[in-house]
Amino acid sequence: TAFIRVHEGVGLAPGALPVEQLRQILRIGEIVAEFTYRVDPNDIARFRAAVAGANNPGDVRLPTDGDVAPPTFYAVLDPVERRDLQLEQILDAVPHPKTGGGNAFNEVVYDRRILAGDVIQVRTSYEDVYERSGRAGRLLFRVRVNELIDAAGKRVATTRMGHVLAFDMEHTL
909 TAFIRVHEGV
919 GLAPGALPVE
929 QLRQILRIGE
939 IVAEFTYRVD
949 PNDIARFRAA
959 VAGANNPGDV
969 RLPTDGDVAP
979 PTFYAVLDPV
989 ERRDLQLEQI
999 LDAVPHPKTG
1009 GGNAFNEVVY
1019 DRRILAGDVI
1029 QVRTSYEDVY
1039 ERSGRAGRLL
1049 FRVRVNELID
1059 AAGKRVATTR
1069 MGHVLAFDME
1079 HTL
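Quick note, my numbering runs 908 ahead of the 1-based positions in the sequence shown.
Since the hints were made in silico from the structure, they are not lab data.
Possibly wrong hints are sitting among the right ones.
Stated by the list, open to error - Computed beta-carbon distance windows for the label pairs:
(1) Ala983 - Glu942: 16 to 22 angstroms
(2) Ile939 - Gly1042: 15 to 21 angstroms
(3) Glu989 - Gly937: 36 to 42 angstroms
(4) Arg1020 - Leu970: 18 to 24 angstroms
(5) Leu970 - Gly1070: 30 to 36 angstroms
(6) Phe943 - Val1017: 42 to 48 angstroms
(7) Phe943 - Arg1020: 18 to 24 angstroms
(8) Gln997 - Glu942: 18 to 24 angstroms
(9) Asp1019 - Ala941: 32 to 38 angstroms
(10) Leu1081 - Thr972: 46 to 52 angstroms
(11) Ile933 - Asn1014: 19 to 25 angstroms
(12) Asp973 - Gly1061: 16 to 22 angstroms
Built from N, CA and C at the ideal position, the CB exists for glycine as well.
Work the whole structure out from these sequences, hints included.
Printed below as a string of structure tokens:
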């Protein structure tokens, strides 16, 4: 069995990144997706175990409905990190090797704590796409905003996250 992925060209000028194409695909400033997640006590236990470096979620006390999730638990509810939302496939067609990338920043504004048992609607939008030069090559930033809303329609938190990819523009694939 073989899987072959063929990419159409993205119509880039030599040495360019698909900034404008990404802005259109990500619909800058608009809600691009909405997902609803239940904050399961088991998810909180697994998250606490991972953060604590425990090998087994059973090593951590199992929360019950109403228990407070750790402050960084918002990341578990991010549709992009969960792979529920994938809009950036155009980046697979960039003809330059990736030299690095990852999380550029996270900002969180809480209106209230996330609790086990909460049902949270996450509204995702993209705020910006831009590029800069860096030590690792040409840097492509994407800035995403998630608004977390509870079942009563009240905001729980707003997150703003930047992700970066670095490309070696001197070489082509």
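Each hint tested on the structure:
no.	hint	verdict
1	Ala983 - Glu942: 16 to 22 angstroms	18 angstroms, holds
2	Ile939 - Gly1042: 15 to 21 angstroms	30 angstroms, violated
3	Glu989 - Gly937: 36 to 42 angstroms	21 angstroms, violated
4	Arg1020 - Leu970: 18 to 24 angstroms	22 angstroms, holds
5	Leu970 - Gly1070: 30 to 36 angstroms	34 angstroms, holds
6	Phe943 - Val1017: 42 to 48 angstroms	20 angstroms, violated
7	Phe943 - Arg1020: 18 to 24 angstroms	20 angstroms, holds
8	Gln997 - Glu942: 18 to 24 angstroms	20 angstroms, holds
9	Asp1019 - Ala941: 32 to 38 angstroms	21 angstroms, violated
10	Leu1081 - Thr972: 46 to 52 angstroms	51 angstroms, holds
11	Ile933 - Asn1014: 19 to 25 angstroms	23 angstroms, holds
12	Asp973 - Gly1061: 16 to 22 angstroms	20 angstroms, holds
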